[in-house]
Amino acid sequence: MRRGLYLVPPRLPLGGKWSPDDALALNTLMEDQEGRYQICGPNAFNRYGLDEQVPTRVYVYNNRLSGERTIGAVALTLIKVSDERLGSIEEVETADGLTAVYSSRVRTLLDAVYDWSRFNSLPRGFEWIRRELAAKRVSAAELVNVTARYGDKGTIRRMGALLEREGAAESLLAKLERALRPSTSLIPWIPTYPKRGTVNRRWGVVMNESA
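So the working numbering is basically just the index in the sequence shown, starting at one, shifted up by 1268.
Keep in mind that a hint or two might mislead.
Claimed, not checked - Calculated cross-link-like contacts (lysine-lysine; reagent style DSSO-like; alpha-carbon spacing at most 30 Å): (1) Lys1443 - Lys1421; (2) Lys1463 - Lys1443; (3) Lys1421 - Lys1404; (4) Lys1463 - Lys1421; (5) Lys1404 - Lys1443; (6) Lys1348 - Lys1443; (7) Lys1348 - Lys1421.
To be verified - Cβ pair distances, simulated, as ranges: (8) Glu1352 - Arg1464: 33 to 39 Å; (9) Glu1361 - Ser1385: 52 to 58 Å; (10) Ser1439 - Arg1398: 16 to 22 Å; (11) Glu1299 - Arg1392: 33 to 39 Å; (12) Ser1453 - Ala1343: 37 to 43 Å; (13) Lys1421 - Asp1364: 39 to 45 Å.
If you are wondering where the hints come from, they were derived from the structure by calculation, not from laboratory data.
We put the beta carbon where it would ideally sit given N, CA and C, even for glycine.
Kindly generate the complete structure, drawing on both the sequences and the hints.
Have a look at this one:
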């Protein structure tokens, strides 16, 4: 894991080969670094049934390390963030009795919009949010709260435009508006598409694809 820190099982399995699971690798690494983490991105998309693809790497927000690392058979993509961007989590007990920390369902939906470039998650993230709202697995109020706390300006504007279309209460939309500074700049709804289409003036978003 690092020079002087090793993971050794109490006994070797038949065949003599052993590798830690994701939770053991992450918990040991973060305890050594005195840091916090939460599994995010493609792993969380799969966990909550948003995406059927099973990632080959474990994507991890944490407040200590950045870069790629391999511990046994566990391939990690470590994404260092500020302490303030960690939170809204779900703790999951593994079959071995360990605790793995995941981003919550609503935080995962937010990060599909916030970290779209890293996770290649737009425009499909918008459909995930619609689907989760329709199924009442998340609420507009939860999305507003997590967006106001963990989102940046672009994320707030895109989430506001989406929730307005989905009929969210005006009081919730106003809460998002209060988190924004006045601006005349426009951003595209789908960041990777040309900035052409109708303009949502309230949120400063060019609706460059049917939303």
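Hints violated by the structure (listed by number, smallest first)
Of the numbered hints, just 9 does not hold.
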